[in-house]
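Engineer: Please model the complete structure; the sequences and the hints are all you need to start from.
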Amino acid sequence: MDTHEQNQNFDTIMTNEEKFNENGEIKNEVININESAGKQKLRSWLNRHLRIKMTDGRILTGAFLCTDRDANVILGLCSEYLSENSEPRALGLVMVPGRHIVTIHLDI
Amino acid sequence: MARLMEEQNLIDMNDEKETSSYQNSFNWVDITQGFFESITELELGELLHDELFGLFDAMSAIEMMDPKMDAGMLCNRGNSKPYTFSQAAITGVIKLDGLSPSEIIGIIDSTYACIVSWLEGHSLAQTVFTNLYLHKPDQIIDKTLKIFCYAVYKIIEEIRECIVKASVYEEEDFQSVMYGGYKLQPDITEQKTISMLREVEEELHRKSRIKPVDDETEREYNDGLALYARIRFTKMLYQVLTLMGRKEQLQQNLSGCQRLLCNCSDMIQIMIKTVNRGVKADEITNHPNVMGFDPMTNQRLLPPTFPRYTKIKPRIEALEYMDELINRFKIVTKITSYNNFHGALDFFLEFSRQSPCILSRSMLQIVYLPTANRVFGVHNFSDILKDAARNFIAPPALMPKSVLLQNHQAKEFVDNFLGHCANVFGTLLQTSGHNRARQRDRLAYLFENFANLQDEAERVDGYLHALSMKGDSPRPHLACFGTWILYHTLRLMVMYLLSGFELELYSVHEYHYIFWYLYEFLYVWLVSAITRADTFILEQDIHSESHKGRSGKKNAKSKKKKATARPYHLEILMYQALQYICGGFYKALVGFRLDGRIPLPENQFDCERVRYEHRLLPFSYLLTPPPVNYKKFIEYMNAQVNKKNEKATSESQYFDGCRYFHQAKNMLDRALELNPANSNTVNEINDLLKVAKTNFIVLKLLNGGHKKDSKEPPIFDFSCHQHFPIIKLT
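Going down the list, the sequences are from chains X and H. Position 98 (the first sequence) corresponds to 98 in UniProt numbering; numbering is contiguous. Position 66 (the second sequence) corresponds to 66 in UniProt numbering; numbering is contiguous.
Heads up, some of the hints might be wrong.
As the list claims (entries may be wrong) - Stretch-level coverage of chain H by chain X, calculated; a stretch enters the list once three of its residues show a Cβ under 8 Å from a Cβ in chain X:
| no. | segment |
| --- | --- |
| 1 | 25-34 |
| 2 | 42-49 |
| 3 | 109-118 |
Said to hold, decoys possible - Simulated restraints on C-beta separations:
| no. | chain 1 | residue 1 | chain 2 | residue 2 | range |
| --- | --- | --- | --- | --- | --- |
| 4 | X | Pro97 | H | Ser620 | 46 to 52 Å |
| 5 | X | Pro97 | H | Ser710 | 54 to 60 Å |
| 6 | X | Asp56 | H | Ile272 | 38 to 44 Å |
| 7 | X | Asp56 | H | Thr84 | 17 to 23 Å |
| 8 | X | Val102 | H | Gln87 | 56 to 62 Å |
| 9 | H | Lys143 | X | Val102 | 17 to 23 Å |
| 10 | X | Pro97 | H | Ser355 | 56 to 62 Å |
| 11 | H | Glu712 | X | Pro97 | 34 to 40 Å |
| 12 | X | Asp56 | H | Glu199 | 44 to 50 Å |
| 13 | H | Val177 | X | Asp56 | 53 to 59 Å |
| 14 | H | Asp441 | X | Val102 | 44 to 50 Å |
Stated by the list, open to error - Computed far set for chain H versus chain X, every beta-carbon distance over 12 Å:
| no. | residue |
| --- | --- |
| 15 | Ser38 |
| 16 | Lys146 |
| 17 | Leu260 |
| 18 | Pro295 |
| 19 | Gln299 |
| 20 | Arg300 |
| 21 | Ile335 |
| 22 | Ser337 |
| 23 | Leu345 |
| 24 | Arg374 |
| 25 | Ser402 |
| 26 | Pro713 |
I should point out that these hints are in silico values taken from the structure, not numbers from a laboratory. Glycine residues also receive a C-beta, built at the ideal position from the N, C-alpha and C atoms.
Structural biologist: Right, dumping it as structure tokens:
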């Protein structure tokens, strides 16, 4: 009796998971097909080197990891330069708020 | 892709030139416009990222331009860029020569303020090395300042070495990292440093012989004296640090140190009195305000963690800190008079109780055990522990004339055991060097080691016992080493529980089972362990006397000894008194609970069993004494409260508590009559007496029905004693 119930429970859990997986996959495909040109462009820049000039004159270079609608940018393995010709200072993972970004350059 | 190609054409030529000048490997293309256009296509809250990068990773990013996270932000604020030493020297921001004595005094005092701030856990880069003069001391022309700067290098090198070697610090205590390229002058020897300092000191001393004739020269004369005191102090501080940190001839060095330390104290008093002779001494700022100091100078050397804003101590407070440091050094030198381990251990614990600074803590460590296993660099630590065990309980195997250790196997067992003891007790001494909060954590780990030692001691005792009973003069050897280790284990357990009061970890509604555990188990076990040692020593005395009796010579002498014996009388009395005090608290707390005067946590958020088990968790490593679980505690509580089938009243609990405090007071009075040799013990007894007497009166009042209906929670005031509070009713 008990084992039978357990099996039933197990089945329902399985089916739930499957549904969830299916949903997830469908959703992902939709995103990939319908992604706008801008998003595609941003996506093509992911993991490339960016050079961001901030409002206070500092320059940050690092790998482009993430952004959002407000142009908040996350850079990985980031280095900080006080001016064009100064020594770098290692910062690691940083988030640059969009409102403090002056220019963005891409390494090609 | 087409748009990307377009943007390739938008290469900003100027930018390219700039970049190529410092980073040739990159080929930068301006994408600002494209970027800002593209992001508008994202939804609110939508993140665009790779599948390998998630929100969780994003959390750990440093937010730029947030003053709480971005240390580099301060560098570009305002227009004044921090000067380097050479820039400052060329532009005349700092003088290299012709400094007035009051300027040098200001610089010296500010440097000491930086050193003290460093010792309080800030980084060197943000404290001592904000002094530009220290960046290139060889270019300073003024001799006094130059030599002082060299000496500062040597002093911080000695301090750093001492603290790192003792290794009783955690990140909150001390930062040993040297940022950037500040090399501690290796090319200038210790002798050279001292002789240069002496030279300057004598020069200043000579000047001070010219007596002042008018106001102008009087001021100069006094400035000269103040400067002289500072250089002399610096020289002697350096000497003290080198002498105390040296492994060789430690005893002789330390007696030399005592004289130096006295002179240091004299000089620091003059420095404190003349602190106002330095320039701008009356201004109160967060950072030294005199020439040569720039808080921003090393900002870029800091690691990319949250910036720590360093507030440098005011000069006067820093000098007072140095004064206290010197006094603590004086105490540290006294450790050399403790040749027995138990005395030394008590010294360590007492020293730590006053929460000493990191440097004096470390110094005590390296003075006592300059190298592992060598006390004062001379005696074998295992031998010292052997003496300690012999003095504690006189195990037959360790007594002179004992034949037990002629057995090869027995000797090996004992030697191994003492070797393990040396390790564990070494760790115990080191633990006592940590700051008070960390000590508790580390004690919890030590119990496992002591459990292993107990096990080994039992086996060694068993082997020796079997051996001894087979011999010519059979003597029991059971529970000798075992009792010695158990005694230390119990002391640590008591320390662990009591430290929770000192660190304010327990809530009032937890007090009753902490005091119950101490009262009902730990102190009882402790008293019984010492009593066993006491009787064992008596037996040993009788035994050796009967042997000596044949020679019949020293009889009179040993009888005299016997009269003054019972070495544990005072210690037993103390622990019994403490047991009664804990009993008193326990009874009082049960009484308060019955009266509903202890605020309890909300039922649904509370589980007393979880708290109880958490508080006593470290004891679960130990087999002896066996841990007492929560169920037993509840059974005990119920049995106490519902005695003789009638519900106990709070009055009867207060009455019991009152009696316990009274007994504790009697015990303490008797202990005081024994005239304890150690002044710390006398102070402890007096503090405990005050606690016992006051609580006796409070409980007596409560027993008489005073404020019976009040639901106000009582106040536990730890100002008199850090572990045993005075109960106050409001």
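Engineer: Which numbered hints turn out to be false for this structure?
Structural biologist: Numbers 3, 8, 9, 10, 11, 13, 15, 19, 20 - these are the hints that the structure violates, sorted from lowest upward.
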